[in-house]
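Participant: Positions 10 to 192 (my numbering) are the ones given, in order, by the sequence shown.
Take the hints with a grain of salt, since some may be wrong.
Capping the alpha-carbon separation at 30 Å, the derived lysine-lysine pairs in DSS-like fashion look like this [as the list claims (entries may be wrong)]:
no.	residue 1	residue 2
1	LYS155	LYS142
2	LYS100	LYS155
3	LYS142	LYS100
To be clear, the hints were calculated from the coordinates, so they are not data collected in a lab.
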Amino acid sequence: MIGWDGRAVEPTGPVTCDHKWSQTARAYEPRYVLYVRSSTEPIRILVDGQYVEPCSDVYQRRYRRLLRDDVDRFAHLGATTVLVTALPIVKSSSMSAAAFASEVRSTSCGNEALRAVARAEPEHAELVDLEAKLCPTPSTCRAEWKGVELRPDRTHFEGRSARIVAAWILDHIGVEVADSTDR
């Protein structure tokens with residue numbers, strides 16, 4: 010979370026993904042809340058006792074409603090939600106073409122929900138579209154940026170690449186970054 014003074018708010022204890030976000034946000038009074046998706050596993054949503062996949066109409070309606078609810082929750086606390094799109098994993102030689110295509114499609118569908126909510130909530134949500142920045146096509150993502158390997162393990166930004174991406178996100182929301190040479 011980014012506080013009103015533009016500095017990162019460091020939690021004093023563990024912050025878990027247990028949906029106690031309102032309580033946590035009230036405690037830290039953030040100016041921005043970063044909503045960062047991971048693509049390592051498609052986010053499935055339980056609807057009427059059945060898990061639905063990201064590209065289904067039922068999923069899109071439910072996920073967009075859940076996202077809007079979160080954006081509204083943080084807006085009521087004075088924070089802007091920054092929705093950050095995910096990147097599909099980099100295809101490995103052992104990954105089948107069908108599995109890779111499914112991963113790319115699921116990631117893109119989840120990202121489209123983020124884009125739709127950002128368009129629908131321009132006063133309370135901002136979009137940082139990493140997928141658009143780093144993937145010229147949904148199945149072809151850049152492996153490096155200015156000589157820095159972006160995702161050494163095919164999934165995660167680490168070390169210098171994580172600092173580059175963090176700088177892009179912080180720059181987007183107007184927070185100055187001391188070292189911006191790699192952007």
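Participant: Hint by hint, say whether it matches the structure.
Facilitator: Hint-by-hint comparison with the structure:
About 14 Å separates the Cα atoms of LYS155 and LYS142, which keeps this hinted pair within 30 Å; it holds. Between LYS100 and LYS155, the direct Cα distance comes to roughly 21 Å. Compliance with the 30 Å bound is thereby established for this hinted pair. Distance restraint check for LYS142 and LYS100: the Cα-Cα separation of roughly 18 Å lies within the 30 Å cut-off, and the hinted pair is therefore satisfied.
Of the numbered hints listed earlier, not one is contradicted by the structure.
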